[in-house]
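Asks: Since the structure of chain A is provided, determine the placement of chain B on it from the hints.
Same order as they appear, the protein sequences are chains A and B.
Start counting the first sequence at 93; every next residue gets the next number (the numbering used here).
Start counting the second sequence at 3; every next residue gets the next number (the numbering used here).
No lab work stands behind these hints, which were simulated from the structure alone.
Only true hints are included.
Facing chain A, according to a computed beta carbon distance under 8 Å, are these residues of chain B, among others:
id	residue
1	PRO192
2	ALA199
3	GLY239
4	ARG264
5	SER405
6	ARG406
7	GLY436
From the three backbone atoms N, C-alpha and C, an ideal C-beta is built for every residue, glycine too.
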Amino acid sequence: MSEPMRFEFLSHTADAKFRAYGRNLEEAVANAALAMVSLMWDYEKIESRGKETIELRSRSLEGLLVKFLTEILYLLEVKGFLLGRVEAIEIIQPISVQSEETGAGEYVLKALLVGDNHPERYEMISEVKAATYNEFRLEIGPEGVELEMVVDM
Amino acid sequence: MDLKKINDFVWEIPKSGEMKVPARIYASEKLIELARRDQTLQQARNVACLPGIQRMSYVMPDAHQGYGFPIGGVAAFDLEEGIISPGGVGYDINCGVRLLRTDYKESDITAKRKELLAEIFKEVPAGVGKGGVTKLSRNVLKEILVKGAEWAVEQGYGSAEDLDRTEERGRMKDASWEFISDRALERGIPQLGTLGAGNHFLEIQKVDEIYDAEVARVFGLEEKGQVLVMIHCGSRGLGHQIATDYIELMEHKFGFRNLPDRELINAPFKSDMGQRYYRSMCAAVNYAFANRQMIAHWVRDVFKRVMGSAKGMRQIYDVCHNVAKVEKHTVNGKEKLLCVHRKGATRSFGPGRQEVPEVYRGAGQPVLIPGSMGTASYILVGTKEAEELSFSSTAHGAGRVMSRNEALRRFRGEQIRDELARKGVELKATSWKGVAEEASAAYKDVDEVVRVSHETRLGKLVARVVPIGVMKG
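Chain A extracted, bound-state conformation (with noise of 0.2 Å):
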């Protein structure tokens, strides 16, 4: 059985718009990962030499994706590091967290990213500025959940 799709790309003229699949919310956001980095490199050439474990917040769900695809930018960019695969990945609804600061609910992201701190050993494609609220849309349904997004390029 051939594995099944995780992401393609939709139309778009001048950024990129994605959809992302999954078995679950986890799973979409990690092939939401893969399908921004595809523009910048072929994740899977890249060794797994290096790995990065992050946590992010945020208020909404939307603004915790938007978050996420950041700081894989942000690993590019300050620690030259280029995602391979996302080797675990969390999502953590607010009911159970309460933020110190505002004491409403918050999202949490943990991770952990596999990949290279080499780009140089690597063809790299085009740039990703950011990643933006751009026609977002996320169905979580008893199928699997689709995610949709707009990366600026």
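Replies: Relative to the frame of chain A, chain B by itself:
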């Protein structure tokens, strides 16, 4: 949508519903058809609903759909009642263009063309995630954010004469680093002095046609075949992160329920949040000015080494095309200060404006409009009429018409390289896939864009330039 044709190049969406002012689009029949295909017109209409907007929501001839505001959108807001919006500036703050003239003619450099391009490619860091050669300390970065290109000149990159021929003299005075996140600062540190990738490029060009010899001479363009260098890049990860941060902060502070589109998130200009974004944006503008100042310096160094001299390599101008600025304009017969958002639009001040460098004040400011990779670029001059027409703004480039995905399916980078070589254009790039994405067929016809600018008097034609050597990030 109710779109009225006013004349061959002017279209209007009359005020209706929540719109505070009408929207006006400068386009030919051909270009308006392209604008109809995506959300450009709806976005122009949405912008017209924002508080404090003055006169009209304007759309330049090269416009296409953007984040909230269209790319090619111009909107000016009252300082007291109006807003400032990160989506009205864009993610790449002070993405812009710098143009250098030379005393060389094409025939002077023919034999050394390959070497020149290869050396520039070596000197100017480019490509995705590529860091610069200078490792900055956080304190030096902060100084750069405040001083912009002035800092670079102090460090020996170029001369004060370059500053005289840069918008804002390369330094926005309202800049502050105090309201910029650690993340944004961290992204700014490794990337200073880098070109980046995507649509950013550096070209060795030659003058192909001069339309206005008098103005051309004032700008330093003397004859056909004269060699020029054009640099197109922005504020890199620092600017992108500032935009991302403030979109989130403003959403938390003000919410987006009252907006026609979430992406129009904004803050009152005079509010604490509005001022924090404005001053941080100014800092990113400065970073981009310093960035282009350094790259220009390296290009001159290469000419010096390869050609024996960089004599006459004077800067013609440096323009921002993603920015919000406080400028004086006349609305309903009254002069007032406004916050003018230009997102994918170039300022086009005409003769007499104080902001225009003294050497150009009699003619109007140079407007630099880069084409897509390997095609013509244009030099225009700002006009007095543009103040009334578009708060002194015109187009900024060609504007995409085809998605990157589609371009990747249709073109191959190596094939584009060979085609350019047949036309006598040398190409160096960090990625062939990246080249395919930027195929000129994926862009609008820049000739048509500048024709509309010229006919409407948003900016008048001065010269057409074509590439000899292209370096793509």
